[in-house]
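Q: Going down the list, the protein sequences come from chains A and B. Each residue of the first sequence is one higher than the one before, counting from 6 in the working numbering. Each residue of the second sequence is one higher than the one before, counting from 4 in the working numbering.
Each hint should be verified, as a subset may be incorrect.
Unchecked claim - The following label-pair restraints were derived from C-beta to C-beta distances:
| # | chain 1 | residue 1 | chain 2 | residue 2 | range |
| --- | --- | --- | --- | --- | --- |
| 1 | A | 70 | B | 18 | 14 to 24 angstroms |
| 2 | B | 81 | A | 25 | 39 to 49 angstroms |
| 3 | A | 85 | B | 110 | 18 to 28 angstroms |
| 4 | A | 7 | B | 96 | 17 to 27 angstroms |
Just so you know, the hints here were simulated from the structure itself, not pulled from any lab data. Fair warning: this is a prediction, and the values are worked out from it, not measured in the lab. For each residue, glycine too, the CB sits at the ideal point set by N, CA and C.
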Amino acid sequence: EAQVTQNPRYLITVTGKKLTVTCSQNMNHEYMSWYRQDPGLGLRQIYYSMNVEVTDKGDVPEGYKVSRKEKRNFPLILESPSPNQTSLYFCASSFPGQPQHFGDGTRLSIL
Amino acid sequence: SQQGEEDPQALSIQEGENATMNCSYKTSINNLQWYRQNSGRGLVHLILIRSNEREKHSGRLRVTLDTSKKSSSLLITASRAADTASYFCATQGEGNKLVFGAGTILRVKS
Chain A
6 EAQVTQNPRY
16 LITVTGKKLT
26 VTCSQNMNHE
36 YMSWYRQDPG
46 LGLRQIYYSM
56 NVEVTDKGDV
66 PEGYKVSRKE
76 KRNFPLILES
86 PSPNQTSLYF
96 CASSFPGQPQ
106 HFGDGTRLSI
116 L
Chain B
4 SQQGEEDPQA
14 LSIQEGENAT
24 MNCSYKTSIN
34 NLQWYRQNSG
44 RGLVHLILIR
54 SNEREKHSGR
64 LRVTLDTSKK
74 SSSLLITASR
84 AADTASYFCA
94 TQGEGNKLVF
104 GAGTILRVKS
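Go ahead and model the full structure; you've got the sequences and the hints to work with.
A: Below, the structure is given as structure tokens:
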């Protein structure tokens with residue numbers, strides 16, 4: 006089954022404790038992206054990747070890192086999480102110019 | 004940066020009625036896409052309309068695009084309770100980037 010898988014689905018953690026949210030897709034998509042969703046703001050892009058070893062900043066990249074060492078994986082790293090990063094996070098993937106496939110989301114709470 | 008702005012923010016209708024949601028955007032686009040999100044879940048792609056198209060249909064969905072007014076509308080005909088969800092428009096320009104609006108919350112009462 007074609008899918009984008011994110012882990013974990015839920016995480017409660019504390020300020021400053023490094024965390025990684027994993028994202029994996031099985032559709033051989035070149036393009037992958039991370040979004041955060043906050044009430045009233047829709048989805049905002051954090052980082053994206055056009056292909057392996059090619060990543061770039063989206064609209065709200067501060068406090069986040071990503072890597073794209075393999076085509077299928079695109080982890081999101083929070084080196085020193087802060088409460089303003091509490092949000093619902095989505096990973097998505099697609100072929101260029103095509104609709105994006107989304108994971109089920111990761112709800113992150115940082116205390 | 005938020006490009007698409009949906010209107011209304013929330014819509015409540017009876018089952019069987021039609022639901023219309025509007026989206027306006029600011030810059031030139033390659034295509035405009037509509038997505039649906041059930042509560043707390045990931046977004047699901049509904050329909051894509053290219054900048055050189057004016058109207059597109061998919062089942063009970065009808066999307067229009069007016070590039071001169073930089074606006075689009077999504078019509079859901081004969082709505083069902085299962086259509087209750089949030090609906091987002093997203094514009095795509097060069098480089099594959101999608102820019103989402105804040106969404107319309109649709110509630111269909113049975």
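Q: None of the hints should be skipped; say for each whether it holds.
A: Verification of the hints:
no. : hint                             : in the structure
1   : 70/A x 18/B: 14 to 24 angstroms  : violated, 47 angstroms
2   : 81/B x 25/A: 39 to 49 angstroms  : holds, 45 angstroms
3   : 85/A x 110/B: 18 to 28 angstroms : violated, 40 angstroms
4   : 7/A x 96/B: 17 to 27 angstroms   : holds, 26 angstroms
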